[in-house]
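**Student:** Chain residues, written in single-letter form:
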Amino acid sequence: MEASRPLDTLNNARDKRVLVELKNNKQYIGKLKAFDIHINIVLADAEERIDSEVKRKLGSVFIRGDTITVISPE
Amino acid sequence: MEASRPLDTLNNARDKRVLVELKNNKQYIGKLKAFDIHINIVLADAEERIDSEVKRKLGSVFIRGDTITVISPE
Amino acid sequence: MEASRPLDTLNNARDKRVLVELKNNKQYIGKLKAFDIHINIVLADAEERIDSEVKRKLGSVFIRGDTITVISPE
Amino acid sequence: MEASRPLDTLNNARDKRVLVELKNNKQYIGKLKAFDIHINIVLADAEERIDSEVKRKLGSVFIRGDTITVISPE
Amino acid sequence: MEASRPLDTLNNARDKRVLVELKNNKQYIGKLKAFDIHINIVLADAEERIDSEVKRKLGSVFIRGDTITVISPE
Amino acid sequence: MEASRPLDTLNNARDKRVLVELKNNKQYIGKLKAFDIHINIVLADAEERIDSEVKRKLGSVFIRGDTITVISPE
Amino acid sequence: MEASRPLDTLNNARDKRVLVELKNNKQYIGKLKAFDIHINIVLADAEERIDSEVKRKLGSVFIRGDTITVISPE
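Sequences listed follow chains H, B, Y, G, X, D and U, in order. Under my numbering, think of the first position of the first sequence as 1, with each following residue one higher. Under my numbering, think of the first position of the second sequence as 75, with each following residue one higher. Under my numbering, think of the first position of the third sequence as 149, with each following residue one higher. Under my numbering, think of the first position of the fourth sequence as 223, with each following residue one higher. Under my numbering, think of the first position of the fifth sequence as 297, with each following residue one higher. Under my numbering, think of the first position of the sixth sequence as 371, with each following residue one higher. Under my numbering, think of the first position of the seventh sequence as 445, with each following residue one higher.
Looking at chain H on its own, in the form it has when it is part of the complex (with noise of 0.2 Å):
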C-alpha cells in the first residue's frame, strides 16, 4: 500500500483485506472492491467489529467515506 499519491494506494489494496475503521469507533474487515474521490468504500466478505469483536456478518458493505478515520491492511 505505497505511491505517490494517497488514492494510488487504495488501488493497490484492490481486492486485498483491510480494516476500515470509522469515526463512531466501529470497524469492518473485507476485501476491498471498490472505492472513490470520496472514499466512499465497498468491501465484500466483510464483517463488523466492535473494540475487535466480531459483532455480525455482512457480506458486503458500503461505507460513506465522510465517516471513515483510517483504512489499513489487516
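Bear in mind the hints are in silico, worked out from the structure with no lab data behind them. Every value quoted in this text rests on a predicted model; they were computed, and no experiment measured them. Careful: at least some of the hints might be erroneous.
What the hints assert, rightly or not - Calculated lysine-lysine pairs in the DSS-like style (CA-CA distance at most 30 Å, straight line):
#1 H/55 <-> U/460
#2 Y/203 <-> B/131
#3 D/386 <-> U/499
#4 B/100 <-> G/238
#5 X/327 <-> D/396
#6 D/393 <-> Y/171
Go by the hints and put chains B, Y, G, X, D and U onto chain H.
**Tutor:** Here is chains B, Y, G, X, D and U on its own, set in the frame of chain H:
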C-alpha cells in the same frame, strides 16, 4: 453488491432489501428505490430499528446522505 | 414516495403531510410545500414534536437541509 | 411563508418577525432584513432567548447559516 | 447593520465594535477590520470573554468563519 | 495584523509568532511560516500548550485549517 | 518542514517520519509516503498510539484528511 465503483454497487442493490445505518445509531431496513451521488437514499416498505428492535413501520423514507455511515444487504 | 431519484420522491410528496426528523431529535410534521437540492424544506400547518409529543404549532417553518436525518410520509 | 422554493419562502418573510433556532439551542427573534443562499441571516430589533426566556436585546444580529436549524414566523 | 444582503450588513459594521460568538461559547469583542465570504473575521483591539467575563486582551485576532454562530454590534 | 481582507492579515503576520487555537482546545504557538485559503497553517519553532501549559516542543507543525478557531499574535 | 505554502511543507517531509494526530485523539507515527490536497495521508511502517502508548503496528495506513488535526516531524 460487488462492482468497481461504489455507486455501481448501490445500483446493483436497487429493489433489494438493504440495511442503512445512521450516525445517530438508528437503522432503516427497506427496499432500495433510489439514491444519488450525495448518497441520499429512498427506501420503500421501510422500518426503523434501534438496537435491532423494530420501532416504527414507515412505508417509504427519504434518508439524507450525510447522516449515513454504512449500507448493507439485509 | 417512490421514484428513481431521491428528489423525485420528495417531489411526489408535495402538498402531502410528512414527518421531518432532525439531528437534534426534534420532529416537524406538516404539509411539504417546498424543497431544494440542499434538502432545505418548507412545511405548512406544521407542528414541532419532541419524543412524539406536540410542543408547538408553527404555521409554516423553514428547515435547513443539513440538520435533517430522514423525511417520511406521516 | 408559502412558495415553491424554500428561498422564496424566506423572501416572503422579509421585514416580518421570525424566530431563528440554532444548533446550540439558542433562539433569535427579530425582523428578517437579509439572507443569502447559505441561509446566513440578518435580523433587526432582535433578542436572544434561551429556553424561551429573553437573555439579551441585540439590535441587529448576523447569524451564520450553518448554525441554523429552523426559521419560522413568530 | 441593516442591508439587503447579509454581507452588506457586515460591510456597514467595518471599523465598529462587534461581538462575535463561537460554537465553543467563547466571545470575541473588537473593532471589525476585515471579513470574507466564508465569514472569516479579523478584529482589532480585541478581547476574549467567556461567560461575559474578560479572559484575555488579544490586540488583533483572526477568527475562522466556520466556528462562528452570531455577530452583533456590541 | 490589520488589513482589509482576512488573508492579508495572515500575510502580515508571516515570520512572526502567533497563537493558533484548535476546536479541541489545544494551542500551538510558533512562527507563522505558511498558510493557504483553507487556513491550513505551518508554524516553525512551535510548542503545544494545553490550558496555557507547555506540553511539547514540536519544531515545525502543519495544522489543518478546519480544526482552527482563532489565530492571534502571541 | 519550512516553505511558503503548507503543502510544500508536507512535500519536504516525504519519506521522513511524521506524527499525525486525529480529532479522536489517536496518533499515527510513520514514514510519510503520500498526501493530496484534502490532506489524505499515507504512512508506511506505521504504528498507532493512544496517550503516547503504542497500540498497534500497522505496516501502511491511509488516513482520511478531514479527521486530522496536526502533522509534525516525530
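**Student:** Against this structure, judge whether each hint is valid.
**Tutor:** Verification of the hints:
1. H/55 <-> U/460: Answer violated: residue 55 of chain H to residue 460 of chain U is near 38 Å, above 30 Å.
2. Y/203 <-> B/131: holds, 23 Å
3. D/386 <-> U/499: violated, 38 Å
4. B/100 <-> G/238: At roughly 38 Å apart (the allowed maximum being 30 Å), residue 238 of chain G and residue 100 of chain B break the hint.
5. X/327 <-> D/396: holds, 26 Å
6. D/393 <-> Y/171: Holds - the C-alpha atoms of residue 171 of chain Y and residue 393 of chain D are around 21 Å apart, at most 30 Å.
The structure is inconsistent with the numbered hints 1, 3 and 4, although it conforms to all the rest.
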